[in-house]
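Taking the hints into account, I'd like the entire structure generated from these sequences.
Sequence order for the protein chains is A and B.
For what it's worth, this note's numbering labels the leading residue of the first sequence as 28, then goes sequentially.
For what it's worth, this note's numbering labels the leading residue of the second sequence as 1098, then goes sequentially.
Since the hints were derived computationally from the structure, they do not count as laboratory data.
These numbers come from a predicted model, not from an experiment.
Wrong hints could be hidden among the right ones.
[Said to hold, decoys possible] Now the stretches of chain A that chain B is said to cover, found in silico as 3 or more residues with beta-carbon under 8 angstroms:
{"hint": "1", "stretch": "48-61"}
{"hint": "2", "stretch": "66-74"}
{"hint": "3", "stretch": "85-92"}
{"hint": "4", "stretch": "187-194"}
All C-beta atoms, glycine included, are put in the ideal place defined by N, C-alpha and C.
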Amino acid sequence: MGWPVSQRTVQQLVDAYYEALYRYAYRLTGSVADAEDLTQETFCRAQRHWHQLREQHRVRAWLFGILRNAYRHRLRDQRPQRHVAIDCVGDLPDPGSDPASTPVVEIDPNELQRALDELPEEFRTPIILYYFDNFSYRDIAEQMDLPIGTVMSRLARAKAHLRRLLVPSPVLSEGQRRATDGL
Amino acid sequence: MDCRTARLFLAFVRPGASEFDAADAAALEEHLADCPECSLLAEHQTRSDAALHRAMNAVSVPEGLRERILQRLAASRRRRLWPAAVAAASLALAAALGYGLLLPSPVAFDLEHEVFHQSSQLGMEPEQVEQVLAAQGIATTLPRQFHYLSLIHFGLEEFHGQRVPFLLFLRDGEWARLYVVDQRHFDVQALMAQTRADSGGCTVEVIPGPPGTAYVVVYTGGSLARFLRAAPPAT
Ligand SMILES: [Zn+2]
Ligand SMILES: [Zn+2]
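Shown next, in the form of structure tokens:
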């Protein structure tokens, strides 16, 4: 049995976070219907488990955590998805390669979604949080309950994956081009 | 700092964030100032990060989502603490009393009370609850016979158009909602003439308070005993 929380408080919570939570859910799932459902479920769980919120000032991290748990719960019930093997998810940048010299063009949000869908959840979650405002490495580490070093290395690899797919870089070496072809 | 180290740092650096210590950040800055290749790479990264940030946030939020969320939340609140049976019990008491408007409608009744001390109210004695209410400008005398360990919430709630002191007890999966009414706003004498009504699993009971006041208690479970300090006398 949950604790009652005033309707006014819940409404303030919705107003402050529903858009950010929806965007997060959409980037996690790649589906409008799933994202909406996850967002609604997140607020329902928050209302029901209000007593579990220990620190009022961490309410945003708490809500994002609820959403991620709900999402992972659903993932377990679904068929395995096609993801790239973790080994292929970008290595750290090769210090010997030439830096790209063309200006960055805008990235198509839909292409970004396709690139995200290819990533396993443990890489997708940190990279989404990273590019959302104000999530520090420490925030992400707490959110995922991982050491900060693990988060940083997953992020570096996920970023390399996104850049290779989305950011034009005409001065790739032969070796890098081959590595990218497999994805 | 050499190019190799600089590029490792670049893989982790985040514009506007201070994830590294000042000495490392300064060494990187120094290298970038001297090395056109690394500084080009850094600039490229900054721009692609900015583009990824924009694309990541470029998700349009569906029309009406906020309202649908609020509706679902309201529905789940009603399911939890406002079974239809309570409405029926309220009507039964109201009919018995001949005061059709005396008891609140379920709509006005839907947990619209103020929240005080969400987490610190556990284990409070009635005197302490009175003090907290007094600090909010609400002078009231609460019943002493209740078991305050099962008090999970208190505050003000709408009761027949008045905001009145309100307690919510929860025990063994049953609950009791207690409203303090006084003669400035309610006909307390008439209320006390009829003291109990049952309907569909819910009971409404009127308990006399200090002169000029009464406690209206709506509860589930068929008996108030579980919410009271002492076991009821054997009959
Ligand atoms: Zn309450
Ligand atoms: Zn260099």
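Hint by hint, here is what the structure shows:
{"no.": "1", "hint": "48-61", "result": "holds (count 5)"}
{"no.": "2", "hint": "66-74", "result": "holds (count 5)"}
{"no.": "3", "hint": "85-92", "result": "violated (count 0)"}
{"no.": "4", "hint": "187-194", "result": "holds (count 5)"}
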